[in-house]
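S.K.: Residues per chain are reported as follows:
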Amino acid sequence: MIIGAGECGGRAALTLRDLGFEGPVTLIGDEPHLPYERPPLSKEAMASEAPVIKAIASEEFLAERSIRHIHSIRAVAIDRAARAVQLSDGSSVPYDKLLLATGSVPRKLPLPGLGGRCVYLRTFNDALAIRAHLSAGNRVAIIGGGFIGLELAASARKLGAAVTVIEAQPRILMRGVPAEIAEVIHEAHEAEGVSIRTGQGIAAIADKGAKVTITLADGQNIMADLAVIGIGAVPVAALAAEAGLAIDNGIAVDEHLRTADPDIFAAGDCCSFPLAVYGGRRVRLEAWRNAQEQGALAARNMLGADEAHAAVPWFWSDQYGLTLQIAGLSDEGRSVVRRDLDDSAFILFHLAENGRLVAASGIGPGNAVARDIRLAEMLIAKRATPSPEALGSQAVKLKSLLAA
Amino acid sequence: MSDWVEACAAGDIDEEDVMRFDHAGRTFAIYRSPDDEYFATDGLCTHEKVHLADGLVMDDIIECPKHNGRFNYKTGDARGAPVCVNLKTYPVKVDAGKVLIQVG
Ligand SMILES: Cc1cc2nc3c(=O)[nH]c(=O)nc-3n(C[C@H](O)[C@H](O)[C@H](O)COP(=O)(O)OP(=O)(O)OC[C@H]3O[C@@H](n4cnc5c(N)ncnc54)[C@H](O)[C@@H]3O)c2cc1C
Ligand code: FES
Chain A
1 MIIGAGECGG RAALTLRDLG FEGPVTLIGD EPHLPYERPP LSKEAMASEA
51 PVIKAIASEE FLAERSIRHI HSIRAVAIDR AARAVQLSDG SSVPYDKLLL
101 ATGSVPRKLP LPGLGGRCVY LRTFNDALAI RAHLSAGNRV AIIGGGFIGL
151 ELAASARKLG AAVTVIEAQP RILMRGVPAE IAEVIHEAHE AEGVSIRTGQ
201 GIAAIADKGA KVTITLADGQ NIMADLAVIG IGAVPVAALA AEAGLAIDNG
251 IAVDEHLRTA DPDIFAAGDC CSFPLAVYGG RRVRLEAWRN AQEQGALAAR
301 NMLGADEAHA AVPWFWSDQY GLTLQIAGLS DEGRSVVRRD LDDSAFILFH
351 LAENGRLVAA SGIGPGNAVA RDIRLAEMLI AKRATPSPEA LGSQAVKLKS
401 LLAA
Chain B
1 MSDWVEACAA GDIDEEDVMR FDHAGRTFAI YRSPDDEYFA TDGLCTHEKV
51 HLADGLVMDD IIECPKHNGR FNYKTGDARG APVCVNLKTY PVKVDAGKVL
101 IQVG
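Each protein sequence line maps, in turn, to chains A and B.
Sequential numbering from 1 applies to the first sequence in our numbering.
Sequential numbering from 1 applies to the second sequence in our numbering.
Don't read these hints as lab results, they were simulated from the structure.
In this text, a Cβ means the ideal position worked out from N, Cα and C, and glycines have one as well.
A couple of the hints might just be wrong.
The calculated lysine-lysine pairs, modelled on PhoX-like cross-linking and capped at a C-alpha distance of 20 Å, are [what the hints assert, rightly or not]: (1) A:K54 / B:K49; (2) B:K49 / A:K43; (3) B:K93 / B:K74.
Have a look at the derived ranges for each label pair, beta carbon to beta carbon [as the list claims (entries may be wrong)]: (4) B:D14 / A:D343: 13 to 23 Å; (5) B:G25 / A:V105: 41 to 51 Å; (6) B:A96 / A:G280: 22 to 32 Å.
Excised from the complex, chain A in its bound form:
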């Protein structure tokens, strides 16, 4: 049984069947939709005339595989002694193995005065509500210069809305993105007419009727028809906590994605786990490929594979024509080597003190950095120590370093 019918839960259910598991598979989700992909919500779906949902599997596909998908219903309690989950409709579903794939939800802005014109983006329904306000002539304020806010800013510009991004930190993308790359993104937004206000706390918000007035710390007012808040996400872990499972920045699991209860696993945005590539450092990732990989890994381990997590974190973001990709966690690095590619694309390689390649961050038009980031990811997984000269020279193929 799987709680949370998102990227991770959906992939886990499909993987159980791919592996030939023949027992009942139940996937419970509180959203009214089939499991779907969230990344398009701030990108293509947001910029299109009529957003469509990108389902991971159709109803027929799930039915063919005898995956029972219960939608619009929430799991409200886990009874570990009875090995059953209570649902919001009063029913109870027994389990042999349980996967918690409850994801994360937007962090709330702790300010009074927020009303119906101050919204968050996580679900398809959120996206539809925001989309309705994005048209030429409308003004949108985006609170938080993180990925979701910036992607939304790019989509809103495509639709002709006037956009202001407000960021409390001294620059956008403070978390996980090197300054050199954040700068490229910052410039792209300004070139497209987005006003970015960094280093600006918010003193007050007045959200009355059809207008929002945001008062910045320096006293200036920003007026908008809609304010979208994107200041990070928090793991959904209450269900696990109430069942007595350990919480440590999300549901704490071991390298097999298992909680202290051998029958309960957690995976995706909701869990923290030891990352083997960095010597077991405990992290929680909010990334799409991680949700996919962990969903599949949890499925294998629920069937007894006893396989440890070994993947390297990987993330991408699209804004205007630019794509950013990051493999690994750049804060593990102590020095940086830059490799320039064609079309003003470039990659920053992050090296640890001992010379090990620990992360690579790249940005460029279209898929200009994709191949090299993927090769870097393999080098990181191999714990390679390539020479800075080789990394920095476009003439040296990364593939050749992999063979070395």
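Based on these hints, arrange chain B with the ligands on the given structure of chain A.
M.R.: Same frame as chain A, but now just chain B with the ligands:
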């Protein structure tokens, strides 16, 4: 059956690599395998229509540059999330140093 079209010279593609080839409004990807054989598939990923030629070739796998979906380029089989729809493949032959594909 439709014609054989000249796509490129055999030496234009490195071993274990891929090249984009556009023809008559369509786009293809042409591969040279590590054992020096040539293959061709549709040029766009079945997930989000991204050019596969920007991706990475490893053995008989092409990995999409966008979200790392995988296909076996010899058979077109989808080999890993998020791709689930197979790629169409096309016959290829090498003749006098030229790579020809049959665009059916
Ligand atoms: C707008 C947006 C853009 C993104 N773009 C990118 C990107 O470009 N690149 C990238 O790598 N990542 C991106 N991400 C992140 C990525 O989508 C997430 O990491 C991924 O969705 C996590 O999957 P998950 O299954 O763990 O959680 P979720 O997808 O959040 O799914 C969890 C599901 O469980 C449900 N649930 C929770 N509690 C219960 C309960 N008690 N009972 C029943 N159901 C419950 C939730 O409602 C939800 O449907 C983006 C996310 C968003 C929101
Ligand atoms: S576009 Fe190819 S995997 Fe998504």
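S.K.: Each of the hints needs a verdict: does it hold here or not?
M.R.: A quick look at each hint next to the structure:
1. Among the hinted pairs, K54 (chain A) with K49 (chain B) is consistent with the structure: their alpha-carbon atoms are about 14 Å apart, no more than 20 Å.
2. For the given pair, K49 (chain B) sits about 15 Å from K43 (chain A) by alpha-carbon distance, which is consistent with the 20 Å threshold.
3. For the proposed pair K93 (chain B) and K74 (chain B), the alpha carbon gap of about 13 Å is at most 20 Å, so the pair holds.
4. One distance hint, 13 to 23 Å for the beta-carbon pair D14 (chain B) and D343 (chain A), holds here, with the actual separation near 20 Å.
5. Roughly 45 Å separates the CB atoms of G25 (chain B) and V105 (chain A), a value that falls within the hinted 41 to 51 Å.
6. Take A96 (chain B) and G280 (chain A): their Cβ atoms lie about 57 Å apart, and the range 22 to 32 Å is violated.
The earlier numbered hint that this structure contradicts is number 6, and it is the only one.
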